[in-house]
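Enquirer: Model the placement of chains B and C on the given structure of chain A, informed by the hints.
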Amino acid sequence: MSEDKKSKKISRRKFIAGTLLGGTGLLFGATYLGRHSLRRTMFEALETMAPAYMGDVSDPLMWFEIFKDNRITLHSPKVEMGQGTFTSLAQIAADELNVDIDQISVVHAASITGNVDGLSTGGSLSVAGLWQPLRELSATMRQMLVLEASKKLGVGANTLSVEKGVISGSGKSITYGEVVQGVEEWEIPDTPPLKDVKEYQYVGKPIPRIDLVDKVVGSPIFGMDAELPGMLYGAVVRPDQIGATYAGADVSEAKGMPGVVKIVEEKDFVGVVARSMTEAENAKNAIKAKWTVEKKWQTEDIDAAIKVGAGEPNVIQLHGDEDVLLSAEDAADASYVTSEYTTPIGAHAQIEPNGALAHVEDGKATVYISTQVVKITRDEVAATLGFDAENVNIIPTYLGGGFGRRLHTPNAIQAALMSKAVGKPVKCFFDRKAEFQNDTFRSPTHHIMKAKLNRNGMIEAISHDYSSGDVMFGSPMFPAIMETILGADAGALRGALIQYRAIPNFTVTSWKVKLPFSTSWWRSLGLLANTFAIETFMDELAEKVGKNPVDFRLAHIQNDSAGNRLKAVIRAAAQKSGYVDEIRSGRAMGFAASTDGGTPCAHAVEVSIEDGEIKVHKVVCAMDPGLSVNPDQVRAQCEGAIIMGLSASLYEKMYVDDNQLRPVIYGAYRMALMRNSPKEIDVVLLRGQETPGPVGEPPLGPIGAAIANAVYRLTGKRSRSMPIEV
Amino acid sequence: MKISFSINGQKKSVETDGDTPLLWVIRDMLDLKGTKFGCGKAACGACTVHVDGESIRSCSFAAKWAEGREITTIEGLGTAEDPHPVQQAWIEEIVPQCGYCQPGFMMATAALLDKVPSPTDEDIDNNIINVCRCGTYYRMRKAIHRAAEIKKSNTNT
Amino acid sequence: MKYLFILLFACSAIVVAFNLQNDPVVETIPAVTASITTAASEDNTAFDTMMKVLMHKRCVNCHPSDAYPRQGEDSHIHRFGIERGKANHGAEATTCNTCHQADNNNQSGVPGAPEWSLAPLSMAWQGLSRTEIARSMLDRKRNGNRSIKEIEHHLTEHELVLWAWEPGVDNEGNPREKPPVSKEDYIAAVKKWVEEGAHIPDE
Numbered sequence: 000m001s002e003d004k005k006s007k008k009i010s011r012r013k014f015i016a017g018t019l020l021g022g023t024g025l026l027f028g029a030t031y032l033g034r035h036s037l038r039r040t041m042f043e044a045l046e047t048m049a050p051a052y053m054g055d056v057s058d059p060l061m062w063f064e065i066f067k068d069n070r071i072t073l074h075s076p077k078v079e080m081g082q083g084t085f086t087s088l089a090q091i092a093a094d095e096l097n098v099d100i101d102q103i104s105v106v107h108a109a110s111i112t113g114n115v116d117g118l119s120t121g122g123s124l125s126v127a128g129l130w131q132p133l134r135e136l137s138a139t140m141r142q143m144l145v146l147e148a149s150k151k152l153g154v155g156a157n158t159l160s161v162e163k164g165v166i167s168g169s170g171k172s173i174t175y176g177e178v179v180q181g182v183e184e185w186e187i188p189d190t191p192p193l194k195d196v197k198e199y200q201y202v203g204k205p206i207p208r209i210d211l212v213d214k215v216v217g218s219p220i221f222g223m224d225a226e227l228p229g230m231l232y233g234a235v236v237r238p239d240q241i242g243a244t245y246a247g248a249d250v251s252e253a254k255g256m257p258g259v260v261k262i263v264e265e266k267d268f269v270g271v272v273a274r275s276m277t278e279a280e281n282a283k284n285a286i287k288a289k290w291t292v293e294k295k296w297q298t299e300d301i302d303a304a305i306k307v308g309a310g311e312p313n314v315i316q317l318h319g320d321e322d323v324l325l326s327a328e329d330a331a332d333a334s335y336v337t338s339e340y341t342t343p344i345g346a347h348a349q350i351e352p353n354g355a356l357a358h359v360e361d362g363k364a365t366v367y368i369s370t371q372v373v374k375i376t377r378d379e380v381a382a383t384l385g386f387d388a389e390n391v392n393i394i395p396t397y398l399g400g401g402f403g404r405r406l407h408t409p410n411a412i413q414a415a416l417m418s419k420a421v422g423k424p425v426k427c428f429f430d431r432k433a434e435f436q437n438d439t440f441r442s443p444t445h446h447i448m449k450a451k452l453n454r455n456g457m458i459e460a461i462s463h464d465y466s467s468g469d470v471m472f473g474s475p476m477f478p479a480i481m482e483t484i485l486g487a488d489a490g491a492l493r494g495a496l497i498q499y500r501a502i503p504n505f506t507v508t509s510w511k512v513k514l515p516f517s518t519s520w521w522r523s524l525g526l527l528a529n530t531f532a533i534e535t536f537m538d539e540l541a542e543k544v545g546k547n548p549v550d551f552r553l554a555h556i557q558n559d560s561a562g563n564r565l566k567a568v569i570r571a572a573a574q575k576s577g578y579v580d581e582i583r584s585g586r587a588m589g590f591a592a593s594t595d596g597g598t599p600c601a602h603a604v605e606v607s608i609e610d611g612e613i614k615v616h617k618v619v620c621a622m623d624p625g626l627s628v629n630p631d632q633v634r635a636q637c638e639g640a641i642i643m644g645l646s647a648s649l650y651e652k653m654y655v656d657d658n659q660l661r662p663v664i665y666g667a668y669r670m671a672l673m674r675n676s677p678k679e680i681d682v683v684l685l686r687g688q689e690t691p692g693p694v695g696e697p698p699l700g701p702i703g704a705a706i707a708n709a710v711y712r713l714t715g716k717r718s719r720s721m722p723i724e725v
Numbered sequence: 000m001k002i003s004f005s006i007n008g009q010k011k012s013v014e015t016d017g018d019t020p021l022l023w024v025i026r027d028m029l030d031l032k033g034t035k036f037g038c039g040k041a042a043c044g045a046c047t048v049h050v051d052g053e054s055i056r057s058c059s060f061a062a063k064w065a066e067g068r069e070i071t072t073i074e075g076l077g078t079a080e081d082p083h084p085v086q087q088a089w090i091e092e093i094v095p096q097c098g099y100c101q102p103g104f105m106m107a108t109a110a111l112l113d114k115v116p117s118p119t120d121e122d123i124d125n126n127i128i129n130v131c132r133c134g135t136y137y138r139m140r141k142a143i144h145r146a147a148e149i150k151k152s153n154t155n156t
Numbered sequence: 000m001k002y003l004f005i006l007l008f009a010c011s012a013i014v015v016a017f018n019l020q021n022d023p024v025v026e027t028i029p030a031v032t033a034s035i036t037t038a039a040s041e042d043n044t045a046f047d048t049m050m051k052v053l054m055h056k057r058c059v060n061c062h063p064s065d066a067y068p069r070q071g072e073d074s075h076i077h078r079f080g081i082e083r084g085k086a087n088h089g090a091e092a093t094t095c096n097t098c099h100q101a102d103n104n105n106q107s108g109v110p111g112a113p114e115w116s117l118a119p120l121s122m123a124w125q126g127l128s129r130t131e132i133a134r135s136m137l138d139r140k141r142n143g144n145r146s147i148k149e150i151e152h153h154l155t156e157h158e159l160v161l162w163a164w165e166p167g168v169d170n171e172g173n174p175r176e177k178p179p180v181s182k183e184d185y186i187a188a189v190k191k192w193v194e195e196g197a198h199i200p201d202e
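Line by line, the protein sequences are chains A, B and C.
What the first sequence shows, in numbering that gives the first Met the number 0, is residues 0 to 725, in sequence order.
What the second sequence shows, in numbering that gives the first Met the number 0, is residues 0 to 156, in sequence order.
What the third sequence shows, in numbering that gives the first Met the number 0, is residues 0 to 202, in sequence order.
Treat the hints with caution; some may be incorrect.
Stated by the list, open to error - Below, simulated SDA-like cross-link-like pairs (lysine to any residue); rule was C-alpha separation at most 20 angstroms, straight line: (1) A:K432 x C:G71; (2) A:K614 x B:M28; (3) A:K432 x C:M136; (4) A:K432 x C:V168; (5) C:K85 x A:K423; (6) A:K432 x C:E171; (7) A:K614 x B:E121; (8) A:K546 x A:N455; (9) B:K63 x C:N103; (10) A:K614 x C:E72; (11) A:K432 x C:G172; (12) A:K423 x B:M28; (13) A:K432 x C:E72; (14) B:K114 x C:N87; (15) B:K114 x C:G172; (16) A:K678 x B:R145; (17) C:K51 x C:P178; (18) A:K678 x B:M28; (19) A:K432 x C:K85; (20) A:K614 x B:R145; (21) B:K141 x A:V212; (22) C:K85 x B:T119; (23) A:K289 x C:K85; (24) B:K114 x C:E82; (25) A:K287 x C:E171.
As the list claims (entries may be wrong) - Covered stretches of chain C (chain B as the covering partner; in silico rule of three or more C-beta atoms under 8 angstroms from a C-beta of chain B): (26) 86-97; (27) 100-112; (28) 172-183.
Hints were generated in silico from the structure; no laboratory data involved.
The C-beta atom is built at its ideal place from N, Cα and C for all residues, glycine as well.
For reference, chain A alone in the conformation it holds in the complex:
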């Protein structure tokens, strides 16, 4: 990523943009969010969990760059953090543009192109959300090229056809690359009819990831790999205490250390700029920052705060009569069952630390960064520097893991301020301890499940009360007013609703708690914890009435589209795994299912206990995300989510010790390694709808409960707390 190559590329694009749009467009953008009301889209997304793309979809020229040699670059408003989105987008575009997939490369759209998602990359919505707009944009772009070719070739557009980016008819032909040459002005036609999914060559096929080779040869594609000439290295002192406010620093020792260029003291942080990463780190460690702390927190305080009954309640689901449950509870009815569950604070622990390379010069700022919120990063940097948004260019890089950690990017602001202070590009990254202690954690949770069973061994009424810290609230992605409007945190409620809607009476209550440290988006949000509680409880109820847990679940699912899809994945997982409710050769099976964003998923796991440790040998996952644009990458997401969820369920736990969040290092923060990962993961993909649904998070839901249910069969003891222990 040398400056040389970069400037060449930008001038090339300027040329093309200028040609295409008479000097505007590709570089300066059209209207962001022009036709979308943020609020309305938000509510649509919340109510129906329907995928919504919040960026401009009116102008194909902001998306595609077509080169003379007939290569096409797609400027993606969604970032690639491992979820395989770039590959799926290339497949979709290739099919509607009528080009070979090899002709398409996908890059992150820099914010200056205008092709920026209004919100984020997250929520498992990238492919699902772009499915319709990108097909329309690609088809429209194809039509624009055909119309222009018609002019150039003097052949009626109706008689022209396109193959591999070559437009031909009446014995003449011209490539896309040739068509775009010299065009002064483009007219955007009506979107032509889209192809039938069956006609697609790439969509639905397990195409190898388009970033595969780069990632296997170690290409410099990540945020931390970015470089600019004359670049210096920054390091920021970050608090190791909860609730710490910066109150100045003694920088006398750090000032004179080798390589130090400048100590940067801002109103809310102190950092150092030095000639190398090591010198910056060493000087940073020599800065004695002062912090004010109002209260010293301990784990017990957090446990006491996260308690159903302690926060602000909001009923988020209510069907039938809740008195059925209350009267059973009051009468101490034998058919009344209740259980409590807890999950701990979870860290993101993505391997690439947060950081940014910023260059602030002549009233303009350029920031290279692994971010999931390109527009917010831009707006925050602009606001801090007092620049117009157009003068801040955020250039997203491949993310060394996202998982929700990069939905907050104050590090971009710090890098920009340090660059401004020294007048040179500054690269500044978190160290690992700061990363662990300044994470935006997965909130700890507490759940109370209650049920009343009838004489036939069916659930007559069920309730789920859960307590959680913020997930969505407090996020820069949403205005603070959302908290007042919604009441219940829309992130914490993921997976909290009762999906067994054949139960006559059910209710769910959220208890909102404010924790003293930042809790936020962690892949799948509340889903892992909520499913752990509900699906372990379902297993307990099935056992109580002496029913097979698979049949018991099926019997409580309603006969509508969502219910039928859920039943189908449950049946598929049970069948493929040969689910049996008994111990065989020292292994027991566990079962659980959840629905997230409309995607149902069921896991059947095989578990044994070896040397006092829970060992997961095999996971059968059945999921119905609708159309899988790239079935191989959907499988990869299932495998990865299963392992990440297994890791969180069996090993991971942050605690608070004397106002410090700990541990601060991998290993002490135990995570699944190779030896802890299942040797068999069998993914069954169903297609209960013809459009793509969420993929990246749904398969995280059932894993914790499935393991806990298997462990119960081995030990006879219910695991109601994560991490699950024996």
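Expert: Just chains B and C, lined up with the frame of chain A:
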């Protein structure tokens, strides 16, 4: 101090403090960005390279120890045109997701296959202890077995 | 009881001495003999001082009685499931030296010293009493067939042992705890102990 070594077959000398982690010499002085920083504490393995054929974690390897030695990074393991058997297997099994930790895993795997040409699952579990947050372990295990096959067939032909 | 031990020790010393006949390093015999002559002495100061060090986690963490090295002030099992391995040096391709080099790395907080490795299982100390440790140290079947002089050398000059007084910093930059006795006092105590006959007092 001046430190001279060979990296990916090329002789190099750098002028740096002897305690500078080799990782930063590789990344920032020699501009080989395939070796990654993950934790700086030899815990995650993202910075794994070979020194005289042995796996070492370069974030915790002082530059002074590199004097006169042969270093191999992911860039020296193989290329897109001529991938190492481990890289070839990684491509065949479509292992990477975010990809950040993968060079470290591939370097650790290449060293393993040099010592144990046909590793068992247990050998893999004991030797490959890097951290991957995307959870690509399942495919990595398949790729490691596949790499062993490719490497053997390359040697036989 | 005490005398029984002295008797046993004397016997073993004779056996050791006998075995040493075939050993080129035989100059240790007088020292062993000396142990018999001073065995009755009540002054175990040298032994006490030495054992305060040898019982310390800086030593015991690398003398485990199972397959796992220990780490840290709380002697937890080494993270990442690191195992002893066939040569007490970790797994085939991920050895001790994958992370530990010939000196402490103060950037990462990874400790290091020449020959960083685990003591073999025959030299397991973890869970043993101080007299059991001392006896195992003198037992040539368990101590790597070292003579008492070689033991003294290991204890007083081996860089890996003396690392205990330069243990560096941990991953957060905090200094590791040193043994409760200074290096000089420890070395003097070991030498005195050997000189006085390597007498192992009663429990």
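Enquirer: Any hints from earlier that this structure breaks? Give me their numbers in increasing order, please.
Expert: Structure breaks hints 2, 3, 5, 10, 15, 18, 19, 20, 23 and 28.
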